[in-house]
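A.B. asks: Could you build all of it, start to finish, from the sequences and the hints given here?
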Amino acid sequence: MAQHVAPPSSTPVVPGKLPVGAIVPWAVFFGILMLVLLYFVGAEQGATAVVSGENVHEWVHDARHLLGFPCH
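With the sequence shown counted from 1, adding 354 to any position gets you my numbering.
Rather than coming from a laboratory, the hints here were simulated on the basis of the structure. Small disclaimer: the values here were computed from a predicted structure and weren't measured. Heads up, some of the hints might be wrong.
As the list claims (entries may be wrong) - Distance ranges between label pairs, derived from CB positions:
no., residue 1, residue 2, range
1, Glu408, Pro379, 34 to 42 Å
2, Ala381, Ala403, 28 to 36 Å
3, Pro361, Ala381, 40 to 48 Å
Quick reminder that beta carbons are idealized off the backbone N, C-alpha and C, glycines included.
C.D. replies: In C-alpha cells form, the structure reads like this:
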C-alpha cells in the first residue's frame, strides 16, 4: 500500500483569537469556587462555622497543615 503525504503548506496556520467575553464567566466561576475552597480549608471551624460539628475540619485537616493554617 502506498502512503500519501500532503504537501507542505506555504501559508502559516494562525490560531483564532478567543474573545474575552468567553473567558470572563469561567474566570468568575473558578474564582468563586477557589474562595469557597479556601474558606473551608482555612476558616471552617469555631465561631465562623457554616457546618456544625467537626466533619469538615477532619476532611480538610491535612490540607490545613499543608497550606500553613493553624488548627490546634
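A.B. asks: Range first: 40 to 48 Å. Now tell me if the beta carbons of proline 361 and alanine 381 are that far apart.
C.D. replies: The hint (40 to 48 Å, Cβ to Cβ) holds, given that proline 361 and alanine 381 are roughly 41 Å apart.
A.B. asks: Using the beta carbons of alanine 381 and alanine 403, state whether their distance is inside 28 to 36 Å or not.
C.D. replies: At roughly 29 Å between Cβ atoms, alanine 403 and alanine 381 fall inside 28 to 36 Å, so the hint holds.
A.B. asks: Could one say that the CB atoms of glutamate 408 and proline 379 fall in the range 34 to 42 Å?
C.D. replies: 36 Å, holds
When each numbered hint is compared with the structure, no violation occurs for any of them.
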